[in-house]
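Residue numbers (our numbering), protein chains in the order written: chain Y, 160 to 349; chain E, 160 to 349.
Just so you know, the hints here were simulated from the structure itself, not pulled from any lab data. Some hints could be false.
Given that identical chains are not distinguished, each listed pair holds provided it fits within a single copy or across any two copies.
Stated by the list, open to error - Only pairs whose alpha carbons sit at most 25 Å apart, straight line, appear in this in silico DSS-like list of lysine-lysine:
hint, residue 1, residue 2
1, K164, K192
2, K180, K272
3, K340, K266
4, K261, K180
5, K279, K192
6, K272, K164
Small disclaimer: the values here were computed from a predicted structure and weren't measured.
So you can see what is in the structure, the chains are spelled out below.
Protein chains: 2
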Amino acid sequence: MDALKNKILTEGKAIGTEIVKVDGFLNHQIDVKFLEEIGAEFGKRFAGTEVDKILTVEASGIAIACAAAPNFNYAPVVFAKKAAPSTMNEGFYEAEAKSFTKGTVSKLKVAEKFINEGEKILILDDFLASGEASVALAQIVEMAGAEVAGVGAVIEKGFQGGSDRLRDMGYRVESLAVIEKIDDGVITFQ
Amino acid sequence: MDALKNKILTEGKAIGTEIVKVDGFLNHQIDVKFLEEIGAEFGKRFAGTEVDKILTVEASGIAIACAAAPNFNYAPVVFAKKAAPSTMNEGFYEAEAKSFTKGTVSKLKVAEKFINEGEKILILDDFLASGEASVALAQIVEMAGAEVAGVGAVIEKGFQGGSDRLRDMGYRVESLAVIEKIDDGVITFQ
Chain Y
160 MDALKNKILT
170 EGKAIGTEIV
180 KVDGFLNHQI
190 DVKFLEEIGA
200 EFGKRFAGTE
210 VDKILTVEAS
220 GIAIACAAAP
230 NFNYAPVVFA
240 KKAAPSTMNE
250 GFYEAEAKSF
260 TKGTVSKLKV
270 AEKFINEGEK
280 ILILDDFLAS
290 GEASVALAQI
300 VEMAGAEVAG
310 VGAVIEKGFQ
320 GGSDRLRDMG
330 YRVESLAVIE
340 KIDDGVITFQ
Chain E
160 MDALKNKILT
170 EGKAIGTEIV
180 KVDGFLNHQI
190 DVKFLEEIGA
200 EFGKRFAGTE
210 VDKILTVEAS
220 GIAIACAAAP
230 NFNYAPVVFA
240 KKAAPSTMNE
250 GFYEAEAKSF
260 TKGTVSKLKV
270 AEKFINEGEK
280 ILILDDFLAS
290 GEASVALAQI
300 VEMAGAEVAG
310 VGAVIEKGFQ
320 GGSDRLRDMG
330 YRVESLAVIE
340 KIDDGVITFQ
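Throw the hints in and build the complete structure from the sequences for me.
Below, the structure written as structure tokens:
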């Protein structure tokens, strides 16, 4: 998606060899108009794919999943929580994911009632790096007896192996911008 | 907002005397189509109010702020973070807020560069209870030398004092549904 690559180059910031910071439009400040384009692009990429629900993880996945929903016939969005609020008093599925940028391990939680057997679940997130979050979400989908309809990421760091890992597990992966290399502040796309 | 009150009554769940659970459409599973109506309602309530940015707090405020943005000329959405990722390496404003449902104290953080002096900032969130989160966001707005254009909540628990607290501070508050009382599973609106 060229508009996205341009936006990453003009508004994003590469740090070291592993981090690209897009807090100006994607995960701290959000450009909602641009997110509508991102949502439409996911709609195109997964056109013809049956999607009953969109699953993401708090916090930065939420805006992306909500922007995509209108393009999937307003499929309900479910976001996995990293901490269980006191109101989450029913059964939930849980899977572990390491956070690349925070250096922590989160136990992602989704209430059982929101993923049902046989449903086709599209997993969306802002970043795909080593694939930790997406793999955990896919595990939750499988635990529920539902099916992963696909995995979509806005930005993939291709050199961190996540998409290979997910494809090896049999999932279709669509990333809107794949970064091949980050080198001393310079971003190279695939 | 009658559609919202109906949705709370039919899909929400009252617990004890203080909690209303709306995880089926607002803060775990999200009904994006309905959120568009909520966004439009905020647009009506704050019609004629100058809004440069919309400020909310992760996680459940994000979908609401993004749904409101198209009704405010696509004002950028900024969401306060509860934990600083390793990529948040520049200056940020910080204010404390207690979480009613989680029993924890969060230090809400917003990068300085995303709130500028003189900007009119609309604060939006899913719940307004004791006002902890909104007051913290308002403090951040004031720290930046910006101005609170108003405070909007989808659901206000009127008996917990948050809106009085905010109005006493001089802010305009608009809640789309005000709950007067929760009594043994029965919700009464104002």
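Hints versus structure:
1. K164 - K192: within (16 Å within a copy, 29 Å between copies)
2. K180 - K272: Between. Shortest inter-copy distance 14 Å satisfies the 25 Å Cα cut-off; intra-copy 35 Å does not.
3. K340 - K266: neither (29 Å within a copy, 34 Å between copies)
4. K261 - K180: Within one copy only: 13 Å inside a chain, 30 Å across chains, cut-off 25 Å.
5. K279 - K192: between (28 Å within a copy, 19 Å between copies)
6. K272 - K164: For K272 and K164, only the inter-copy Cα distance (23 Å) is at most 25 Å; the intra-copy one is 38 Å.
When each numbered hint is compared with the structure, a violation occurs for hint 3 only.
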